[in-house]
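There are 2 protein chains.
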Amino acid sequence: MNRYIQVGDNTNITEERQKATFDTEVLGSIIYEGQERLNRRREIAKYVEEHQDLHDPKPRAFMTRLEAIENASRKIIALKKHAEQAINASDPSENYLFQSFVMGGEGHPIALHDLLTAPVLLANCDDEQLDLWLPKALNYELNATYAQTELGHGTNLKDLETTATYDTKTEEFILNSPTITSLKWWPGNLGKSCDHVVLQAQLYIHGKCYGAHLFWVQIRDLNTHKPLPGITVGDIGPKFGMNTNDNGFLKFDHVKIPRRHMMMKHAQVDPDGTYHAPIHAKLGYSSMLYLRSILLGLFAMNLAQSAAVAIRYSVIRRQGEIVPGEGEVKILDYQTQQHRLLPQLARAFAFLATGKFIREMCFKVMQDIRSGEVGLLADLHAISCGLKATCSFQMALGIEQCRMACGGHGYSLASGLPQLYSLAVGGCTYEGENMVMLLQLARYLMKVANDVRNGGPKEEPSEIVQYYFRPAKSTTCLIDQAYDTNHQYVLDTFEHASKRATLAAYDKLQGLKQKGLSNEQAWNETAVELCKASRAHCRTFIARMFVEQVQQIADLPVKNVMNDLLELYLFYEITEAATTLMEDGYMRGQQLRFARHKVYSLLEKIRPNAVSLVDSFDFTDRQLESVLGRRDGHVYENLLAWAQSSPLNKDDIDCIYSFFTNDLGNFMLIFYRYQYSL
Amino acid sequence: MNRYIQVGDNTNITEERQKATFDTEVLGSIIYEGQERLNRRREIAKYVEEHQDLHDPKPRAFMTRLEAIENASRKIIALKKHAEQAINASDPSENYLFQSFVMGGEGHPIALHDLLTAPVLLANCDDEQLDLWLPKALNYELNATYAQTELGHGTNLKDLETTATYDTKTEEFILNSPTITSLKWWPGNLGKSCDHVVLQAQLYIHGKCYGAHLFWVQIRDLNTHKPLPGITVGDIGPKFGMNTNDNGFLKFDHVKIPRRHMMMKHAQVDPDGTYHAPIHAKLGYSSMLYLRSILLGLFAMNLAQSAAVAIRYSVIRRQGEIVPGEGEVKILDYQTQQHRLLPQLARAFAFLATGKFIREMCFKVMQDIRSGEVGLLADLHAISCGLKATCSFQMALGIEQCRMACGGHGYSLASGLPQLYSLAVGGCTYEGENMVMLLQLARYLMKVANDVRNGGPKEEPSEIVQYYFRPAKSTTCLIDQAYDTNHQYVLDTFEHASKRATLAAYDKLQGLKQKGLSNEQAWNETAVELCKASRAHCRTFIARMFVEQVQQIADLPVKNVMNDLLELYLFYEITEAATTLMEDGYMRGQQLRFARHKVYSLLEKIRPNAVSLVDSFDFTDRQLESVLGRRDGHVYENLLAWAQSSPLNKDDIDCIYSFFTNDLGNFMLIFYRYQYSL
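If you read the protein sequences in the order shown, they are chains F and Z. Residue numbers for the first sequence follow full-length UniProt numbering, so the first one is 1 and each next one is one higher. Residue numbers for the second sequence follow full-length UniProt numbering, so the first one is 1 and each next one is one higher.
Hints listed in this document are in silico derivations from the structure and should not be mistaken for laboratory results. One thing to keep in mind: the hints can contain errors.
The list treats identical chains as one, so a pair stands whether inside a single copy or across any two.
Derived DSS-like pairs: lysine-lysine, alpha-carbon spacing no greater than 25 Å straight-line [said to hold, decoys possible]:
#, residue 1, residue 2
1, 650, 226
2, 256, 513
3, 46, 80
4, 513, 598
5, 513, 330
6, 169, 598
7, 136, 458
Since this is a predicted model, take the numbers as computed values, not measurements.
Same shape as in the complex, but just chain F:
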């Protein structure tokens, strides 16, 4: 039963909803982890809907960047005013939800402050420092961001160039940007909004470098908002997406700050310059982990959102005939359209299950750390790096497939999909560039492979990589006509593929070293193969997460349709991984053809439930920001209304003619002028 049918909807979409073989409410409560959360989601959405000051006055596609920033500033103030009434403000997930409903994903002037300042202060300041700075941060008496990356340097702390040189005479640090490449570059909200930064800089004492440390630095006057002396700061300019975030640059010209503005929870510098090293290194680890686990859920939702838009539009749009004389068909009836869209939806569910598992594992690891255990930390770090890269890239490809599947209208900003893509694809780059992330996982996998090649694990391996040490269940692939429903054969197949890829990379690496290459050279010459191994391991992991999630579903109709999506996911991935599987004869052509056949028949089987599946995500029209993806299916009349309200039509621009003559003859050309500039 589809709960999203309303009177007055486009009948093309209503008839789709009537075909649902399951209750969208049951699936919705699985997606949002409980009926209670789904209900709260709706209540918060309703609250937003009822308060006009939380809305955009016009589609954001029609705003200039400055208008959009001004609008975001206005809304975030309104949001803070409404928070007490709208949500349980002490619940982070309700805060997140409320903020995402109102603000979207493009950023606002206190986005980084809200996200990072308090956790970073708590993790790095001693008690005295906390007493001084934390209340002001929490009360919004200041607006801070985290300044790490530089114009010429990414996330590698070792390579940062900004210096903080301790002067024992004045008991101050002198902050300096010695080169053009040392300018801080990219920190969110740094450009125009922030007045403080948490600064990563190389600590120098008596001419010796102690590596990157954190400092608390005021950069603007709190009254005039002007940069303080010695500081140059500004916005880095427009980007592909996130343009309501004023990512900024920052240059220090010998700026002095007191000694106690170094964050001293872990490392300390005494007045005389004596340095006390931190006891534990890399304590920021777990918060990066947590951020990555959140990202997986975000990627899943981005992909689901694009699938929702494209699938809904594909039952409104009609084109061409399949049965002659029966009129134009819905484009979702085309196999090619199903093949473009439904695997994206399946992947969204797979990423969601994976993100949930990682998030929960992350909580567990953080608890373990508190009780002194760090056993799972390295495992979780490695897999979360690989998953971030794998899922963000598949998400980006998937959103574009959804967009292109909407034809010309997908190219219009009215579809919402170009904006969704250019925002979401940032996920391939931020929080660790994808190639770097894959190689991080590969480094961990090479340790596993070393154990495999050298007589087994030294200690009980983490659950995530146990399969590397299990004897192969079969040396040939068992997928065929006799395929049964427990999916174990497919999981075995993926495990085989990632074992192969991992060991092949390991053997190549060892071979190159034996030829006399250094570790680093051998690593570089194996890098493409190493990335392949990481992707294969991630595929195996995601597949297992999805299988386990579907197995836990109690409601039979939902379990059935989710099982269809799961099978589509698995067989689609098999066709994608086919090369690795056939390379060693594990899979044969006949089995590949069976997998393809399964994909095609699953597409047909899922198709009647497609709209109900995306409905279950309970996206509001305000969230989707898409004329094509409207719940009510009234696409065409609203495309016209959207166009008619766009700036070129609204602002009543006059076109005046400019006649002139040159040697070629008479030219008549049109010259635009805005009315106000005439």
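For this one, chain F is given, so just place chain Z on it according to the hints.
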């Protein structure tokens, strides 16, 4: 010898250029089809460089849509004034070049008029009509566009809903838009600029529909530029790219036009309503063909442009160490970076060779048509559809790979790559949506397959598909250590793969029909496999074009480096096509590993020439519009200059504080206001 070295350049890029093993000038003259053309290209670029009224006053990334349109209007007028002096105005290729240097690819108010009006009038009007309308069009006394697609309908003429109903009493056509989906939607420059349209509408006489015909319709008053009575017209709103083009919508409410405003070269309607059918159908065919052949060259250039930006930046950017203690390396030294970028460059060259062949074939076919031969028309139509889809998609993926390979800076509009992508990816959708295009080629291939399965061709097959009828040279793949340099083994391999894919799709299609499915149903259930067959055939075709082009190169050093790129292209494609090749045992794992090994060693071999290869495209900095891709390599200081000149920094926006209190405590939030609005 690299001719692009200049004193004062970033030494990181100069040392790359010094490694060139070939003369960039020789390769440049191959790319631009002759030294004379390369020289003219430079002269025109120099002319543009010397005339400030042909420049943008600021980077287009900093303009609002309205500013950009106004700027484009200004520039196109300046360009027309300069044309006589700057170029040989009667040479279409010089016009194209001049226009692309000055205007870029985002469009301007007479873009469609320049491109289409004259050819469409010439192809469809009788002499009397031509005498009336053509001179005015050529003299820019009017500005017209071509109005075909509708809100609910793509390129399929049969489904258009706009009607032109002949009224014998008044001897007029009544133009009408009967439904919301019948609104004309997308025509370029229709929104605000044009005053005339070439209209596709269903012709009705005495209640009978005669199908889509072309009409010449004035839509705006030539003095006031206001829409004429019964006409609603406007801009369709902002898009992913092409935002200086005012794509528009158009609605007719029973608008009357004289009988003689139907274009009457082919079909005629007499005053009494007697209809005379055209003798030849589909006469617009060859101009669509020509447009697609131009597009292939454009796709090649887009891809080369993104490769130029990313490869140049990759020798400026340093990150991480490979040999410990030797300092950070250029990121192009990483195998993963080479593997991302160099295959894109190889594909750009492959597309260029293919586009050139298709363009020449197109000229030949058009000549043939004039002398009554239409033999090659269907072949050329089919392959050009498939190539458009294959090349546009690979281009889009490739541009994004180049963009992501630039890390965070690739996400900034300063890189030029987001804008290049959002413009270029339109090529996957316009001029025939890619899936539709692949299926057009598949329809042709199924005829070929039918001949193969039924005793050979009925007549001498076109050169393009002859390989389908040749006996297989081998039943196993011959690529291995003994690989020689004539590439025939690889071409055989591709031919094998596309034969297999084509015949597999054909057999599936026949099988489904024998099971009782209608032609259309069977076609739909085979559609994904049909697309695969089309792609495989295109790969075969492109590979052959590239092989033949490289074989023709006389200059040995250029031939050597191009041969490296060709091999990279071929082996990269083999790894991509591996599944199809292994499915039937044609290729074995050992051979696949050989192909991969070849790819890695070719990456290493090409790397020293990478910068010189992209230099040979002779892109000007003005063309690239990319701080990362600057010829002189001075990236970082210019990123800062770019950022500092961006609107948020330039317009001296004040940030004022807005203090307010709510139950949570004191909030301090920043509120933006533009200076002028205070």
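So, going through the hints one by one against the coordinates:
For a Cα distance limit of 25 Å, the shortest separation of residue 650 from residue 226 across copies, 15 Å, qualifies, whereas the shortest one inside one copy, 37 Å, does not. In this assembly of identical chains, the alpha carbons of residue 256 and residue 513 never lie at most 25 Å apart, being 49 Å within a copy and 82 Å across copies at closest. Proximity of residue 46 and residue 80 under a CA criterion of 25 Å is satisfied intra-copy only: 17 Å inside one chain copy versus 56 Å between copies. Proximity of residue 513 to residue 598 under the C-alpha cut-off of 25 Å is restricted to the inter-copy arrangement: shortest distance 20 Å between copies versus 43 Å within a copy.
When the C-alpha separation of residue 513 and residue 330 is checked against a cutoff of 25 Å, the pair qualifies only between copies, where the shortest distance is 23 Å, while the shortest distance within a copy is 58 Å. In this assembly of identical chains, residue 169 and residue 598 lie within 25 Å of each other by CA distance neither inside one copy nor across copies; the values are 76 Å within and 62 Å between. Taking the shortest Cα distances, residue 136 and residue 458 never come within 25 Å of each other, neither inside one copy (49 Å) nor across copies (85 Å).
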